[in-house]
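S.K.: Next come the chains, spelled out residue by residue.
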Amino acid sequence: MDELLQHGLNALLLGGTYALLGIGLTLIFGIMKVVNFTHGELYAFGAYMMYALVTLLGVNFFVALPLAIALGVALGALLELVLLRRLRGADIDTTMLVMIGAWIALQNAEQLAWTGVAKSVSTPFPAAPLVIGPVSMAWNRVFVLIVALALIAVTYFLIDRTKLGRAMRATFQDRDTAALMGVRIGNIHTATFALGSGLAAAAGALLGPVFVAYPSMGDLAATKAFAIVILGGLGSIPGATLGGFVLALVEELGAGYVSSGYRDAMGFLLIIVILLFRPTGLFARKERIG
Amino acid sequence: MSEKAKPLVTAAWLLFLVSIPLWLDNAYLLHVLIVTGIFIIAAMSLNLLLGYAGQLSLGHVAFFGIGAYASALVSLGFKVTLWPQWALTVEPKPVWLAMLTGMLAAGASGWFIGRIAFKVRGAYFVIVSISFAEVVRLVAVNWVELTQGPMALNNIPPVEAFGFVFYRKPANYWLVLGIAIASYVLIRRLVHSRAGRAMVALAENEALATSVGIDVTRYLVLAAVVSATMAGTAGALYAHYVRIVDPDVFLFIYTVTMVIMVITGGKGTLAGPVVGGLIFGLLPEGLRAAAIAPEAQWIVYGALMVLVVYFLPQGIVPALKKVRG
Amino acid sequence: MIPILQVRNLSVRFGGLTAIADMTMDVREGEVLSLIGPNGAGKTTAFNAITGYLAPTSGGIAFRGKSLKGMRTDAIALLGLVRTFQKTSVFGGRSALDNVLIGLHLRARQTPLAILLGFPYVEREERELIEEARKILGFVGLGKREKEQASALPYGDQRLLEVAIALAAQPKLLMLDEPVSGMNPSETAGFMAKLAEIRKLGITVLLVEHDMKMVMGVSDRVVCLSQGRIIADGTPAEIQRDPEVIRAYLGERFRRVVGGNA
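Residue numbers (our numbering), protein chains in the order written: chain R, 1 to 290; chain D, 1 to 325; chain Z, 1 to 262.
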């Protein structure tokens, strides 16, 4: 029972960042319909930026975090402007192929820049875990969960309550009407992609210090992000949030009770199993954002 | 080019290709050509599924790897404990039988994917196909009893047929060339037939295709099975040529390589994967000779792919055809 | 002789919306029957339900006495029921000839194994199919355009190509969804003549159309649908005078002006 509790807690702590990854991708893949292969690279970028800022430049950890996220948003916007603008209206395969090209270029650029040696980021948290009764949790993971939840809340607020969010929803539900009402479609696309990428970078910036940063870390993250999006239904932010925690739980239980080697396979297996029985995902809804 | 000249030009090309081991002294280059040839077979098979049948299948390396592993395992013999007390033992079998098993195993997984493709559409299918390949890779890594995991399957016997052992490079080159030509012919027959037209119709306008009696499942599965079997054949060839197989054979990057070959060459054309395969099989060597780091190479490929999609969206072969015609 | 198509109490409901309510009608073999009605009356929905693109909520459909319940579209086409689509539907990236060749799918006998192994009959059959495709293209008047890409054809020709593709599938009952919409008067007249020739081939035709001149000119019988229900069924002349039909199309005010209190 204690073991189960510990697994549950681990899943909770990890699930927050998974949710960030998933929400970011559901915005891009679910709503913009871009098969975003660069999502994992933004995750790695976030982690590497933390390394660069904290370890190389000595920036304060709590200052570096929002900075790394901001840089992720900027990179996302840049990608959209440079690569995707031209392809507005192209079919999904074409954009997918461009994203694959971008992914290859980005990952290898990261490899060239940082070499393949894993980089660790020191955190200001005590190394000894916080122990509450039968369970223990590392301080940095608790911090990660808190920030992740905060970011999720911010995203909800952004999409639901702000003018930008309304414009996003309008654009992707009925583009022509949105354009007629004065929404700058091009900017909304950039903003949405930047937001989604920023969330991925945030997940990387949060988890990089917990684990380590290495060039291909994005690949696994990307796959999990896709699994979460499918779990939660394309375009559903609540679905992605829930999906993030569910995937973390499935991984934890699988690693704990089946085999740790297959931990990462859980996400993939989940995808296959779900899509076999519910080809549109678990929580697929007709509405898009929100 | 006139219609009469075409068969002559083709014959000339074939003669040229067949002659290469006779005058090419460089064993390393011959090795590159062999591996490129194997990749071209895989690319042609992907082209059938992706280019003609329009299925965004990005797990193609799974078929390749399953063919490689199945063939290697059957030729080496293996023993696995499936349940406590019950072990499955397979004695080493002749290579030709092993390769056939590899092809069948790949074809069976193709059947599985084909049925899923029917249920799960579009962007979802992309993800399912990638996931499938990753699961297979993780099984290869973790089921050590069967696959030796990361320690790889070693000493895989070379191809042996009619008493002749395909041990040296020239023999393997001709073997790969022969199978590549046979694969090309098979795809061409399929494409210029009712079955090929059905696949293309489904990719272009499924509602219209069904209205004239085309059975969606049947032709998606057919495309997937033929495609997978061919990729599995390429995998088996690889296993018995390189004679070492490890789980890295399932890496997503190899699917990406095949996709790049098909897309830049020209998806949905017969020559496309061949042209793409030659370019991306031989380009690394050219770049390596220019002493460019492998990462930089990949950046070049990535950029190249993006550029091709922007400026030559149909690929190189159709663009060339337009220039000529 | 039983009717070639029997629709009995067909209902199609989407959530709370009733698209078709209790539709019962027959199509007699050899006739040309037109289905008319204002926009949104449910005509295309009826087509979709009959040909298996939509599952009916209730009711039955029988083609030549055989129930179509639960059948897939391609199986229905195999029985001899072929439909065209309201929005122009061709295989845009292929040539006109290829389009018709695809339509000839059911006529070909090649099996995948024979194709892969290169049996000689495959090539022979391909030649025969190309001959047949050329004939059909000629029949609809597109003989000279066989090599052109379908999406590059002018609108009217694309609609003719659609009919050619459907004809290639050897229909016994051909269902045309607004075949002349968007055509100019001369193209429409040409199409009406083609329709007469199609009849002579023994093909029964069920037509959805808005162009009243065409409907009255080609049809043996007309059925009028309004808000998912059949409100009239008779000869063109009868339909033209039917007050319910006039009301459905023109609205309540006009009934009082035009139909009096008939």
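FYI, nobody ran anything at the bench for these hints, they're computed from the structure. All values reported here derive from a predicted model rather than from experimental measurement. Careful, some of the hints might be misleading.
Think about it this way: if two alpha-carbon atoms lie no more than 27 Å apart in a straight line, the pair counts; the simulated DSS-like pairs of lysine-lysine are [to be verified]: (1) Lys213(Z) / Lys194(Z); (2) Lys144(Z) / Lys4(D); (3) Lys213(Z) / Lys321(D); (4) Lys194(Z) / Lys6(D).
S.K.: Tell me, which hint numbers fail for this structure?
M.R.: 3, 4
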